[in-house]
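Guided by the hints, dock chain U onto chain W, whose structure is given.
So the protein sequences, as listed, match chains W and U.
Using the working numbering, read the first sequence as starting at 22 and increasing by one per residue.
Using the working numbering, read the second sequence as starting at -18 and increasing by one per residue.
You can trust all of the hints, since none of them are fake.
To be clear about the criterion: a stretch of chain U counts as covered by chain W if any three or more of its residues have a C-beta under 8 Å from a C-beta of chain W, and this derived list gives those stretches:
no., stretch
1, -3 to 7
2, 17 to 24
3, 80 to 88
4, 91 to 102
Since the hints were derived computationally from the structure, they do not count as laboratory data.
Note that the Cβ used here is the ideal one computed from N, Cα and C, for glycine as well.
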Amino acid sequence: MTVPLDIDGPAAPPRSNGELAFSEPWESRAFGMAVSLSEAGAFTWPVFQAALIARIGAWETTAARNEPYDYYQLWLAALEDVLAAVGAVSAGEIAARVQALEQRPHGHDHRDDHDH
Amino acid sequence: MTTSGSAERISPALRTEALEQLLTERGLIDPTAMNEIISDYETNVGPLNGAKVVAKAWTDPQYRRRLLEDGTAAIKELGFSGRQGEHIVAVENTATTHNVVVCTLCSCYPWPVLGLPPSWYKDPAYRSRIVREPRTVLAEMGLELADEVQIIVRDSTSEVRWLVLPERPAGTEHLSEKDLVPLVTRDAMVGVAKVEAP
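With the rest of the complex left out, here is chain W:
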C-alpha cells in the first residue's frame, strides 16, 4: 500500500528527541505487563513478538484506508492473544472483569494510574 507519511499527525517524525514514550497511561500499563510477564517466564519475548507481528499484519491487510493506526491497541490485543494461548487469562475472563468495572458508581476514578 502507498500511504503518505504522516507529517503533522500523531505519527509525524519529530525533529528532536523529545517524544513521550506513551501518549496515554493505559499504553504504559500494556507495555509494562508484556515486559513483566515475559521476564517472569509467563511466555518468551519471541512468542509475544510473533503475536504482535500477526496483529499488525492482520491490521494492515484489513484496515480501511482512513482507519487510524493504533500501535498499542494492537500490542494489547497481541498480549491478550498470548495470555489466552498459554491459558493464563481467557478473553471471557477479561470481558467479565470489564463488565464489573463498568458497573462501578459513576464518577469513580477508575484509572489506577501508574504512580501507585
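Leaving out everything else, chain U in the frame of chain W:
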C-alpha cells in the same frame, strides 16, 4: 482481529485495567516491579545513551573499531545493556553510504541505546515505504541525499537491532567527546537525519 472482536470495541484503558487486575490477583505480575520497568523507559532509557556511544566512537578510534565489530559488547562497555539489546549491530554512515533503519514487520528497536521507538518508526507508512522508496521518504523527512550516495535499508528483527553511527559533522574537530554528545539526535541514529554542527 477487528473482525471477530467485541473485545476490540471496548475501550483499551478498561481492558488494560481488567487485565492488570486479573494478572495481579493470580500473582502473574508484581505491580511494583512493573512500575519500575515503566518509569525506567519513561525517564531513563533513551537516545542520550546512544549519543554517548556515538560521541565516544567519534573521538576514540579503538572504541569505534570495537563498536563496528561487536556492537552489543562495545555498548555494554558504557553500561548500556538489557532488554532488546542482545544483538545490536552498529553500521557507519559515510559521505558515500547512508544506512537507514526500519522494522518492516513490527517495531524492533535497540532499546538500551535509543529507548522505545517513536510513533513514526512504528507507522505502517514509514515501514512499507522506506524499503521501496528510501530516497523519497528521507527527503520527505527533511534529509536530501545526493543521487550518488548509496542508501542501505536495514531491517531490524529479533536477531539484529541496528544502530547507525552517523557521520561526524565537519567543523566539530575541536569539540570534546562530552561536547559532541548533545549534537547526536535519535533521528540520526536511526538514519533519517544527519548530525548538524552546532
